[in-house]
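Dock the two chains into a complex; use the hints.
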Amino acid sequence: MAYFLAIANRKGGVGKSTTAVMLAHALAAWGRKRVLMVDLDAQCNSSMILIGGEGWANARNKRATIGDYFFDLYDGVMPNAKDYLLQSVGDVAAPGQAGITLIPGSLLLEDVQGELFLKQSRESTDADVVSKRVQGRIKQLIKRFEGDFDLVLMDCPPGISFAALAAIQLSQKVLVPFRPDYVSQFAVERIAMLVEDKANLEAVTAVPKDKRRYVTVANFVEPTGQDKFFIDLIADDHPMLKTQLPLNPTIARSFNWLPQKRSIEEKYGAVVGDVRKLYDELAAIMAI
Amino acid sequence: MSKLIGKRKQDYLAHVIGQEPSVDAKIAVNLTERLDGAIRSLRVTKADLATLKVVGTGPKAKAAAKQAAGPFDPYAFNAILVFKRAGRDALIEKLGEIEETSHLRQLAEAQLIGLDKDMRLGPVAIEDLREAVLRGVERLVADRRAAAS
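Order-wise, the sequence lines are chains A and B.
Going by the numbering used here, the first residue of the first sequence is number 582, and it counts up by one from there.
Going by the numbering used here, the first residue of the second sequence is number 9, and it counts up by one from there.
The hints are simulated quantities; they were obtained by calculation from the structure and are not laboratory data.
Heads up, some of the hints might be wrong.
What the hints assert, rightly or not - List time: in silico DSSO-like cross-link candidates among lysine-lysine, alpha-carbon distance up to 27 Å: (1) Lys92(B) with Lys809(A); (2) Lys92(B) with Lys779(A); (3) Lys92(B) with Lys592(A); (4) Lys809(A) with Lys102(B); (5) Lys724(A) with Lys713(A).
Bound conformation, chain B alone (with noise of 0.2 Å):
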């Protein structure tokens, strides 16, 4: 067992929390901070220490400490823009910095890109995730493209 303290404790509530995707950023972060006030010190297993030990090393580790640490913008960047700019390679490399599932999924519904249900609750692979984010931005592109026509 680890105590979590400081920092530390604040980063694996945040971690926690951010996996739920019904819980948009903001409330995310509210939640943590009041979680964070309330609960003095944590002891979690070492297993569950472990996604937050990757913190720290390498630059994906970096990416999702920052993710972990900080609000999530579901608005950071704009997918159908970078889509219709510069393609769907692009478009993949740029939600490739996404590491969280959960956050794929905030910006999903933000950006009103629609996703099929297995796609939107439940464990998947991220990969597959991005994917159907793609393929949701393709859907909304072709679908205004049509609208307009």
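One chain only, chain A, in its complex shape (with noise of 0.2 Å):
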């Protein structure tokens, strides 16, 4: 059995993608596990880290991406699903069996979601129904490789989808970043309101923190007051790790990718051990 972890915020511009390559590489490499990394953001970020430009092209002109792979087997048709797959990416190296398979990202995914829903309207003309089977649906298909992975990442977009959702609904941990300021205090409550299937803030938190099934982490931060004042109002309220990731330079240059692949230590440089310190702490929390 498959650890479903989703990254998920409402936001844009948190830092989703990141966080979910940094934690997959940090899986493969230190935990050797084997990640399966679900792009399921139509900007393809995660996909362009992990393989490059020219190797998510590859994919999309192949048609092997998660648009493509959604669509092509939401009726039950029996493609190979491990078509859809593409093995040992990254550019940072993992001991024996560990290491990270992509299911590249796509830009259509957002309109692959909406013939889903046509497709699937066909059959019933309840909107809530038709969602709940199209998510239903992606959930199974997201669901279908577990057996052959440690960890399944997925990398959701900012806004709710179908595939968001049933990210969100599979995944046994949801980690949330945010950037400290003003509107993330609302983007946090929102998503935290969703994975909880609560209608308030105040339901939520009559939930204990550490029963609920998302955790927040802070990112981008500086070390002013305002951050600290942010950060602080979140923690009240909200599950949070202890680690937060700084906003460094170093952090956004780590992430050019390379054909190459090279030590963890090497790619992330100066800021090694804060990719160190979040997966210590989450692989703790996952208990994997």
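See below:
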């Protein structure tokens, strides 16, 4: 049984893809895990970071993206699901059988979901029923690979789509990166309500923090009173990792993709300690 | 007239600059240091000194002296968390530790606590300003709850 972890926040620009990739590298290199990265974001950032622009374009041209996978397999037609997987991606070396496999992102993922909705609506006119069926089918399709991997990481898009909802429902844990700023507290609350399936903040906070299915992580943190102020506000109501990812140009630079594998220490250089802290804390929470 | 030099001159400059709400704490410290270096001595009236003469007597005056001497940290405590965890009286008590209107205004601005225009600008009774900060905090908390509903 694979562990399912979604990286999600309805707000954009909070570092979902970069956090997802850092974790994938760490889990493969340090945790010796077989990691499947499912790129559910139509911006395809985690794919670009893991296979480069050319690698992603090749996958698109071969119709081997997540959009193609959902579309082709939705009706139960049985092409080989493994044809959609790109193995041993990323430019970080991992020991033995460990490594990262990718289902590349698709620019057309939103359109594909729309088409799946239309397809399903031929069988029912109730929008809720149709939505649930599409989500359920997408969930089954993502779940299909669990036997081959120790961990399935799902990089969710900003906003909410059928695929993102399916990923959130499927996950044992949802990691919510946020920027410490004014609007982030609202964004964290929205995703918390969604994950916990609660109608308001009071209902969410009534669930003990250690029983909640999501955990937040502060990203792009500067050592200022203002950042601490917002982090304290969010931590008062929501579970939060002790690890904070700093605003650091070295992190941004470390996401350049190189065709040769290198050590994780070499890739992340001066910020490898931050990646390690994130990995250690999250691995302990996931108990993997 | 009194002649101020050394620490007394620096305290006086910090006090005067600290009255200006549009100058943030860090800039106030820099300005104080610059002026202190550029001005050998200050001659001020006894009336001007009256506020500083309070410094050194009693706990409130000591708190005021501390604020006048060092840069004010508008994040020294989180007003919203004090309110959420301990209630309105606790927040008023905490705000009571701040003796300068300019510092209260700095705190409100830094912690995104909205103040009405008559509280943001010009002379105002400090008790009224504390109440206004409290109302602003109540509004923020209610606003956040409403957004997540």
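Hint-by-hint comparison with the structure:
no. : hint                     : result
1   : Lys92(B) with Lys809(A)  : holds, 17 Å
2   : Lys92(B) with Lys779(A)  : holds, 21 Å
3   : Lys92(B) with Lys592(A)  : holds, 26 Å
4   : Lys809(A) with Lys102(B) : holds, 19 Å
5   : Lys724(A) with Lys713(A) : holds, 16 Å
The structure is consistent with each of the numbered hints, conforming to all of them.
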